[in-house]
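Novice: Protein chains in written order, with my numbering: chain R, 23 to 360; chain F, 23 to 360; chain E, 23 to 360; chain H, 23 to 360.
The hints are simulated quantities; they were obtained by calculation from the structure and are not laboratory data. One thing to keep in mind: the hints can contain errors.
[What the hints assert, rightly or not] Once the Cα atoms are required to be at most 20 Å apart in a straight line, the calculated SDA-like pairs of lysine to any residue come out as: (1) R:Lys-354 - H:Arg-350; (2) E:Lys-327 - H:Ser-38; (3) F:Lys-354 - F:Ser-143.
[Unchecked claim] Residues from chain R that face chain H, not an exhaustive set, calculated with beta carbons under 8 Å: (4) Thr-218; (5) Ile-262; (6) Thr-269; (7) Ile-275; (8) Ile-278; (9) Arg-283; (10) Ile-306; (11) Ala-312; (12) Gly-314; (13) Lys-354; (14) Ser-355.
Yeah, the Cβ is synthetic: ideal placement off N, Cα and C, and Gly gets one too.
Number of protein chains: 4
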Amino acid sequence: MIVEMRKGASSEEIDSVVQRAESLGLEVQLNLGTEKTVLAMLGGNTGQLSTDLFAVLPGVESVTRIMKPYKLASREFKADDSLVSIDGVEIGGKRIVVMAGPCAVENEKQLLETARVVKESGASVLRGGAFKPRTSPFSFQGLGKDGLELLAGAKKQFDILVITEVIDPHDVSLVSKYADILQVGSRNMQNFALLTNIGKSKCPVVLKRGFSCTVTEWLTAADYLLAEGNNQVILCERGIRTFEDSTRFSLDISAIPVIKRFSHLPVIVDPSHAAGHYSLVPAIARAAVAAGADGLLIEVHSNPKEALVDGLQSLTPSDFARLMEELRAIAKSIGRYI
Amino acid sequence: MIVEMRKGASSEEIDSVVQRAESLGLEVQLNLGTEKTVLAMLGGNTGQLSTDLFAVLPGVESVTRIMKPYKLASREFKADDSLVSIDGVEIGGKRIVVMAGPCAVENEKQLLETARVVKESGASVLRGGAFKPRTSPFSFQGLGKDGLELLAGAKKQFDILVITEVIDPHDVSLVSKYADILQVGSRNMQNFALLTNIGKSKCPVVLKRGFSCTVTEWLTAADYLLAEGNNQVILCERGIRTFEDSTRFSLDISAIPVIKRFSHLPVIVDPSHAAGHYSLVPAIARAAVAAGADGLLIEVHSNPKEALVDGLQSLTPSDFARLMEELRAIAKSIGRYI
Amino acid sequence: MIVEMRKGASSEEIDSVVQRAESLGLEVQLNLGTEKTVLAMLGGNTGQLSTDLFAVLPGVESVTRIMKPYKLASREFKADDSLVSIDGVEIGGKRIVVMAGPCAVENEKQLLETARVVKESGASVLRGGAFKPRTSPFSFQGLGKDGLELLAGAKKQFDILVITEVIDPHDVSLVSKYADILQVGSRNMQNFALLTNIGKSKCPVVLKRGFSCTVTEWLTAADYLLAEGNNQVILCERGIRTFEDSTRFSLDISAIPVIKRFSHLPVIVDPSHAAGHYSLVPAIARAAVAAGADGLLIEVHSNPKEALVDGLQSLTPSDFARLMEELRAIAKSIGRYI
Amino acid sequence: MIVEMRKGASSEEIDSVVQRAESLGLEVQLNLGTEKTVLAMLGGNTGQLSTDLFAVLPGVESVTRIMKPYKLASREFKADDSLVSIDGVEIGGKRIVVMAGPCAVENEKQLLETARVVKESGASVLRGGAFKPRTSPFSFQGLGKDGLELLAGAKKQFDILVITEVIDPHDVSLVSKYADILQVGSRNMQNFALLTNIGKSKCPVVLKRGFSCTVTEWLTAADYLLAEGNNQVILCERGIRTFEDSTRFSLDISAIPVIKRFSHLPVIVDPSHAAGHYSLVPAIARAAVAAGADGLLIEVHSNPKEALVDGLQSLTPSDFARLMEELRAIAKSIGRYI
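All chains, please: the whole structure from these sequences, using the hints.
Specialist: Printed below as a string of structure tokens:
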């Protein structure tokens, strides 16, 4: 942490900064510049300390944090790539794992039909929402527990892993009975009660990036899961909110190499929610694989025209099959496979 | 809802759009333009229907919603300003209501000292967090139930209303036993499980705007509270996330007249979280009153230098007293009072 | 400038950083932390040096600039508020200066009618665009030199100062013959050829903030004007681009106290371009005055319904007269006047 | 254009909307809904008309444009992909064209060394800035005409096309004597004086996206070039400004399929300015090719450690050579080549 004093700060003011640092167990190095005094605070945990602790003191001009605020998710903490392994499916290795299925579980027919086609095309995980967070109270809210039962049925019938979202902290134990992977939605990335319960459950989890959260905040949220001893954490980039309105969200493709640089966790991409339109999904999915994503989370619906939720961004079975062929070619060209 | 067909769309494609509209109970008006066919869908609930229902159909170029997605929070639904009245304190009337206090309840001495000064300076409501949502799991998380007890003590001693945040949907009944007003934090604006429970509780509530949510999404979230029969809803603008980095968030001052135009709900402003620095708080608070805000939510700490959370954005007791004088003058100049 | 080395950086790597700093005339202070080495570079001009100079060197993890990149516009460079004085009208003093008029000069009748009403209501400066930057080549581009002549006529007839925009660097000498104040539009804030020519002209200038530029970039752009010896610089906040779509731009009200803290230059506010709708203009204008703005730039049209450009955000003469009364009351309440 | 009237709008108000539409040559279709009247305006040029023309009229609630504001750049105007052909190098065809070189031309040695390596690795175009737009007046501003001479020398020696930026509208004829392709920088995307002059020059041009402009505004800016009869227009995505701070800008990867959907113009990607750090460039470049970009604009420097500008985002010759191999493999996997 670097504390810059105001021009002409008094020696009493400088002393009080030094004293606070020492009271926090930090080592202080003083730089008496020609114009300004600058103090460097050194110590293992400066990333977790609030800059306010110094910024409130009289005579302080600015405080700059150099250490990152996240710890357990950082590559400094763990240098090797983490591998999440679930019943033989490894996420974070050479294989690019595709998770696909409808936005919401609507009924048995829709789910089984979609499960069959995504499995046939090479997906390893079936997605489908049972509890749906909807912006309007007047929209379809999901089938709840009945949806979980349908997912369990599809899992059994097609021998495929299942991922579904959990919204309420008190539903974690229920949902983890049915799902192989829990999903934390974008609007819940900083729902700390939910993160803590999922951390305790030790169930594999996909942590979607908050659509207005920085990569740093995202990795700090992952620390909530890791701090409870849950190491089965997969990150998912799904687009951030910007001024651009030709897509629902702007997929932050650079987040993939940034995550690979600063974290050991695997990262997948959801092109469907970013695009908002099926015609844009294939290009974004191809880009994600080329950029180094460890997997994809794609919306596929057996009949998008009749979908209750997000039909416009869902691929048809034949579009999905074609995309999988394209992705296999790209994966191969960078030394990976699907 | 306006559906624009692609140039050269076939009559079968147009028919299937018409059929879907009719199946949803909408009235359709067809415009056969020289270049393109455009269909207008009319009916009372088009604001609540997903545009995807039409956008997925073949031959459709774009779908534009004209009705707003929110309903109960809209001025079209209720033309008169809503007044929230709590034990004689009215929010949304001529008086501008000031809520002030520390970010977090830290201990009895800090809370009582701060409560005394904010009451003396004219605040009607004491704020103070007992459950704190923190971006890092390694930060101070609040005193929990003990904090609620301290708030209840301060309320009694100084005859002042109390507002505090609730984070977990299952804590609503607990917190509403102690607090006069529940606060939904910015990160929880779209925590629909929480909103539903608060709606059911009928407890007065301040709904903070999600820092990356539009005014439309904010009013739609308010519909979750109103739909459960809770009419005691107060909106709170607290800054949105933008590229600007000289402040923590960018306070959206225009949201105040926008809310007044489109909604009947009272709206207050939190200048402290937007500014992130005490020196900027007074100017933003004055602007909020001049723009028509019905109240303010301000962080005040008896000794900011020792605050555990957000000390840099907290006003000292004397700064707060001076600001209240300035606000009184501005309120008077626009025909209101504090 | 603070240079943080990677964990385990070699002493050769550290030496090469030290050598580069010394070759640039900087003083270096070395902090050998327990985990990482951190170097502080001290010297008068580190704000103007690129951080890349160090970031490219091997073994460097990050480089943080502590000094601001702007210099002449900073309050550190000049502690007292600057006052821009034009023919007896002072901007930056006790009086809040109102500049008003149509977006574009359309014809003599429109301009003279509008000039008369804004003068009568108390505006000191008449605004009106002769050269218009338009997003589409098919839109009205302004009257050009004929518009300048009309402005000169209005100036003479109503004894009012005139401000108008200049777009092409080669038009600066032409426009400054007619205008008392040149306006640099938002899209030209970083048109450095234009800034340099205006700097050389020494003509008073309103520098509008780029709608996606930070306050820091804005003050750095002001340095282009100041570096050429033009001290008659007025800043103008006019809204930034965000995700919010209920207004054209989001007026950054906090920028006013931020500018007052970090710069000595006067700052005015344009509520019309931010709002995009006349009904929102009064609230934003009142907020700007309460927040400490030194003036306002408001669109007024004698007949908005017939305006060729931006009619929706223009006030009618009677709306403007009413607003001026409101602004006078607020100005008085904060110890200023109009 | 769709005009929605307020609930209870009078028939006089509706009539005045109809009259205005008819005076503009538009066909009007009236929808008398149960709650509100909605009017559809049909006609070929509604994309170019301002919505304000109707929004200012009494009784109007909102106006929605359905036609896009751009015309010549749209795929509706020209269905086939445009191909820009310069001395045998085709942009927009099967081949992915790589443009590479230093950010700024610094001296003959640097330029020739870099030109040699980029040519050897397979680049078809040499980039290098002679006129540099810099945020600070105290930074290196480029070699100007001397830089152009050096570029001409490199072009001759290595038989490679040359692209360079033009900043001042009055330099267009000078720069186009030396350069094969003119570059419009991000800060100049809406410098309409510059666009008009380049349009008239008929010189091939790369139009970089303004870092805060929507795709719609970008295509509308392209209309300025096309309207002057210059069909040699190449678009370039280079990252947009968002809240994310781990990269300099957020590359909008989705813009590539969006452009392909709505426009016939070729589009290339600049991964270097988006990333801001050399280590992120390869992943973004690979993603761009996979997403369907027609080319890349990459910063390469013979010795980044000594670069005067943007050294941190420049690739070394060996990094560039390796990246070209990766890109060849990806291009092949999608049926293209480099």
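Novice: Now look at each hint and say whether the structure bears it out.
Specialist: Structure-based check of each hint:
1. R:Lys-354 - H:Arg-350: 13 Å, holds
2. E:Lys-327 - H:Ser-38: 11 Å, holds
3. F:Lys-354 - F:Ser-143: 17 Å, holds
4. Thr-218: 26 Å, violated
5. Ile-262: 6 Å, holds
6. Thr-269: 5 Å, holds
7. Ile-275: Where the cut-off is 8 Å and the nearest Cβ of chain H is about 4 Å from Ile-275 (chain R), the hint holds.
8. Ile-278: 6 Å, holds
9. Arg-283: Interface hint status for Arg-283 (chain R): holds (6 Å vs cutoff 8 Å).
10. Ile-306: 6 Å, holds
11. Ala-312: 4 Å, holds
12. Gly-314: 5 Å, holds
13. Lys-354: Hint holds; Lys-354 (chain R) Cβ to chain H Cβ min 7 Å, cut 8 Å.
14. Ser-355: Cβ of Ser-355 (chain R) sits 4 Å from chain H, so the hint holds.
Hint 4 alone, counting from the list given before, is not met by this structure.
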